[in-house]
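1 is the number of the first residue of the sequence shown in UniProt numbering; add one for each residue after it.
Calculated from the structure, these hints are not laboratory results.
Check each hint, because a few of them may be wrong.
Ranges between beta-carbon positions, derived for each pair [what the hints assert, rightly or not]:
#1 Y110 - Q143: 52 to 60 Å
#2 Q139 - Y105: 50 to 58 Å
#3 L44 - G4: 19 to 27 Å
#4 K55 - F140: 34 to 42 Å
#5 F140 - Q113: 40 to 48 Å
#6 T21 - V99: 51 to 59 Å
#7 Y110 - T131: 26 to 34 Å
#8 F140 - V28: 52 to 60 Å
#9 C121 - P77: 41 to 49 Å
#10 N62 - A126: 23 to 31 Å
Yeah, the Cβ is synthetic: ideal placement off N, Cα and C, and Gly gets one too.
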Amino acid sequence: WWPGGLGKVSTHAVVYARLITGAQDHGVHGFIVQLRSLDDHSPLPGITVGDIGMKFGSGAYNSMDNGLLRFDHVRIPRNQMLMRVSQVTREGKFVQSDVPRQLVYGTMVYVRQTIVSDASCALARAVCIATRYSAVRRQFGSQNGGPETQV
1 WWPGGLGKVS THAVVYARLI TGAQDHGVHG FIVQLRSLDD HSPLPGITVG
51 DIGMKFGSGA YNSMDNGLLR FDHVRIPRNQ MLMRVSQVTR EGKFVQSDVP
101 RQLVYGTMVY VRQTIVSDAS CALARAVCIA TRYSAVRRQF GSQNGGPETQ
151 V
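I would like the entire structure built from these sequences, with the hints used as guidance.
Written as structure tokens, this is what we have:
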């Protein structure tokens with residue numbers, strides 16, 4: 001739900017899905033998946049893709065064709081797997097690379113820290129605006145016909 005460009009335009013997507021070889025579940029891994037036919041742009045078998053329609057509010061948000069995506073028993077070939085950190089051999093064997101888990105997790109921690117940092121900057125701006133506004137705001141009519149009382 002909501003990926004930009006998915007509604008009408010995208011033919012491929014990076015999808016994070018459970019990797020299962022044989023009866024073994026190896027957790028979530030990234031795959032590049034073709035969603036639509038390159039000939040007639042129709043969704044491939046087992047794939048539901050569509051546009052979520054108009055968004056609430058400003059027309060600026062409606063310039064992107066955000067979409068929805070659903071898979072129903074879709075098998076993804078091993079050659080579509082992003083294999084930097086782990087691989088599946090041609091024989092179907094799962095192989096984990098020597099990249100430390102902490103290094104892979106570090107990217108996610110960095111992104112989360114950036115989100116918190118950006119939110120704190122936005123909050124600081126909001127507090128500054130509110131403080132300046134409250135310093136000059138006037139409220140309630142004067143009893144004697146003079147200017148309103150400053151808060």
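Structure-based check of each hint:
Evaluation of the 52 to 60 Å hint for Y110 and Q143 yields a pass: the beta carbon distance comes to about 59 Å. Taken as a hint, the range 50 to 58 Å holds for the pair Q139 and Y105, whose Cβ atoms sit roughly 51 Å apart. Taking 19 to 27 Å as the suggested C-beta distance range, the pair L44 and G4 conforms, at roughly 20 Å. The beta-carbon spacing between K55 and F140, approximately 40 Å, falls within the hinted interval of 34 to 42 Å.
Hint check: F140 to Q113, Cβ distance near 45 Å, so the stated range 40 to 48 Å holds. Hint check: T21 to V99, Cβ distance near 20 Å, so the stated range 51 to 59 Å is violated. Between Y110 and T131, the C-beta spacing of about 32 Å keeps the proposed range 26 to 34 Å intact. Between F140 and V28 the C-beta distance comes to about 59 Å, which sits within the given range of 52 to 60 Å.
Distance hint check for C121 and P77: the Cβ-Cβ separation is about 44 Å, which falls inside the suggested range of 41 to 49 Å. In this structure, N62 and A126 meet the distance hint of 23 to 31 Å, their C-beta atoms being roughly 26 Å apart.
Taken one by one, the earlier hints fail for this structure only at number 6.
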